[in-house]
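Engineer: The primary structure of each chain is shown beneath.
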Amino acid sequence: MIPGRAVSFDNRQGQILHGILHEPHAAKARGICVLLLSPGIKGRVGPHRLYLKIAARLVPLGFHVLRFDFHGLGDSEGDLPERALADVYNTVHSGRFVGDTIAAMDWMERTAGVRRFVGSGLCGGAITALLAAEADARIECLLALGLPSVLEGGPENWARVLTHQEAIGLRGSYFQKLTDPASVRRFLTGKSSYKVIWRVVRAWIGDRRAVRSDRPATHRATVDHTNPRFANAFLMMLRSRRPMLLIFAGADRLRAQFAEHFEAHNEALLRDLPPIYEVHIVTDANHVFGEPASVDDLLDASEAWLVSRFSAR
Amino acid sequence: MNENPLFLERDGERLFAVHHRPAAPRHRAAVICHPLAEEKLWSHRVLVSFARELASAGFDVLRFDFRGEGDSDRRFEDADLETRVSDAAFAIETLRRLAPGATDLTLVGLRLGASVAAAAVSRRTDVSRLILWDPVVDGSAYMQNFLRLNLMAQMAAHRRVVEDREALTARIRGGGSINIEGYALTAPLFEQVSLFRLADALTSFDGETLLVQIDAADAPLKPELAALASAHPRRLVAQVREEPFWKEIRTFYQRAPELGRVSLEALGVNR
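Protein sequence lines, in the order shown, are assigned to chains Y and U.
Taking the numbering used here, the leading residue of the first sequence gets 50, the next gets one more, and so forth.
Taking the numbering used here, the leading residue of the second sequence gets 31, the next gets one more, and so forth.
Bear in mind the hints are in silico, worked out from the structure with no lab data behind them.
Glycine residues also receive a C-beta, built at the ideal position from the N, C-alpha and C atoms.
Warning: the hint list may mix true and false statements.
[Claimed, not checked] Each pair of labels, with its calculated beta carbon distance range:
hint, chain 1, residue 1, chain 2, residue 2, range
1, U, G42, Y, A317, 55 to 61 Å
2, Y, A105, U, R264, 23 to 29 Å
3, U, S260, Y, G299, 52 to 58 Å
4, Y, R358, U, P55, 49 to 55 Å
Make a model of the complete structure from these sequences and hints.
Structural biologist: If you want it as C-alpha cells, here you go:
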C-alpha cells in the first residue's frame, strides 16, 4: 500500500477532522494536492478502498493526496442530525461539507505549503469538490467520479428524476408484471408507483414516435430537476476556465441524469462557454467502480488527464 | 475528546489504529474488532460512537484496521482469517502498552470481527471479557452469503447468473479470485473462514462472554446462540432490536442505542 501519515486538523466549527496525507517524494513533488473527498457516509477509504488505489497511482506521479473524514463521519468529530440516509445524501449534495474542504486546503497551505488543488471524489465527494471549487479558486480543476447532478431524496422521488435510459430499462419488467397477479393487485389497490409507470409509458411512446417519424429520439427531461446549486457551480467552472474530467460508470444512472437534466437544459449556455469539460465513460462499471477492470480504466483516465494538465518536476 | 490516530508498526507493516483515551482512567480497556469488507464501512460510525462512549466511561479503547482493510497495509486479497486473528492479538499487546495500568480488558467485535475476537482470545488468560455483536457462528454459511453478493452483482449486470456458486467456489479453490463488491476473495480467506466455528473458538476461553443477537424486528433466539450460551456458565446471550447497520439501509446509523446499552450493562457501566 502507499505510505501515508495520520493527520488531524480543525474545521471552522472547531471539530477535529482526521485523515491520511500521502506525500510524494520531494524530488518529484508537483506542489499540487488531490483532495479525495469522502463519498456518502463511507469515509476516507471509499468503497472497496478505492481511494487507496487512486492514491497509490497518483502519489508516485508527484501529487500529494489528502483523504479525510468530514465532520460527523468516519473517525472525525461531530454528529449529523439526520435519521434517514437519503437526507444525509441531500445535505451533502447541497454543500454541507464545503467548509470542511476549505479547512483542509487551509491546513495543507499552512502546514505543507501546498496552494494548488485538484478537487476530486466519488459521488458525494465529487459534488462537494464542485461546490467547494465554486467557493474557493484554489481548486484549479475537478476530477469527478460519478458526479451527481440531481437531488434524488430517496425512492419516493425516484419518478421525478428517472432518466429515459432507466425508464426504457424498466419497460421489460413492467410488461412481465402484467401477468403477475400480485403486481396487478398492487396496481388496482393504489399501491403501485403510478408516476414511475407513467414515466415508463411516456418513454416508450416517445421512442415509438421517433422510430415512426424516422427522427432520433431526444432524451431531454421535461422539467429540470438539477440540484439547484449544480448549474451555477458547473457553469462557473467553465467561465473561470477551470477544466473538469467527469468519469461516469457506464451502468450507473448518473451520466444519463447529467445529460438529460443538466446538459439538455443548459444547451445554449454550454455552447457559448469554453468546452473544457470532458466526459469519460467506464463501460459496464457500476456506481462504485467495483470491478477491477473498471478501477484500472478509471485510474488510467485520471492519470492521463492529470499528467496532461500539470507539468512534472 | 482525546483521540489519537496512529500507525502501528509490526514486522515491517503498518496497521492504522485510533487510541481513545479516557479523561478519567478506570484501569479498564477495550479493543474493538471491525467486520469484513463493506460491512466495516457501513458500520464504522457505530463502532466509533461506542468507542467514545467507553472512553467517556473511563476505558482506554483501541480501534484498528485489520491488514488488508481500511488504512492498514496489504491488499485485501493478501490478508486472511489468520492475519486478522494475529492483528487482534497484536492490538491487545499494543493497548496493554498504551494503557499499562489497565487490569480489565474486553474485546468487542461485530460480525466476522466478533469471531476474530473470539479466536484471538482463545487460550489467553489476560482478557476478562468478550462482547460479540451478531457474531459469525458458522463460517461456512457466512462465506456462502458472501458469495451471494457476487451472484447478485451478476444478476444486476447480466440479468442472470453467468457463473454459479459451484463455479465460483471452484475458481477460488483453483487459485483464482472472485470479486465481491470490489474486494478480491481468494482461497486462504475463503477456506479459513469456511472452517471457522465459533463454538470451537470459544472452547478454551474462560472469561465472561456476552453473545448479542441483533434483529430489526421481534425474532426468536437463534438456537446456535442459545446452545453456545448454555455450554458455559460465564456466557450470556442477549437480544437487541437494531437495524442491520452493517449493510446499506435507509436509516443513517450513527450509534446503536440498544446494543450500546446492553453492552455497557455487561461491562457494569451505568449511564
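Engineer: Hint by hint, say whether it matches the structure.
Structural biologist: How the hints compare with the structure:
1. U:G42 <-> Y:A317: 55 to 61 Å: With a Cβ separation near 59 Å, U:G42 and Y:A317 satisfy 55 to 61 Å, so the hint holds.
2. Y:A105 <-> U:R264: 23 to 29 Å: Hint violated: Cβ distance 46 Å, outside 23 to 29 Å.
3. U:S260 <-> Y:G299: 52 to 58 Å: holds, 53 Å
4. Y:R358 <-> U:P55: 49 to 55 Å: holds, 52 Å
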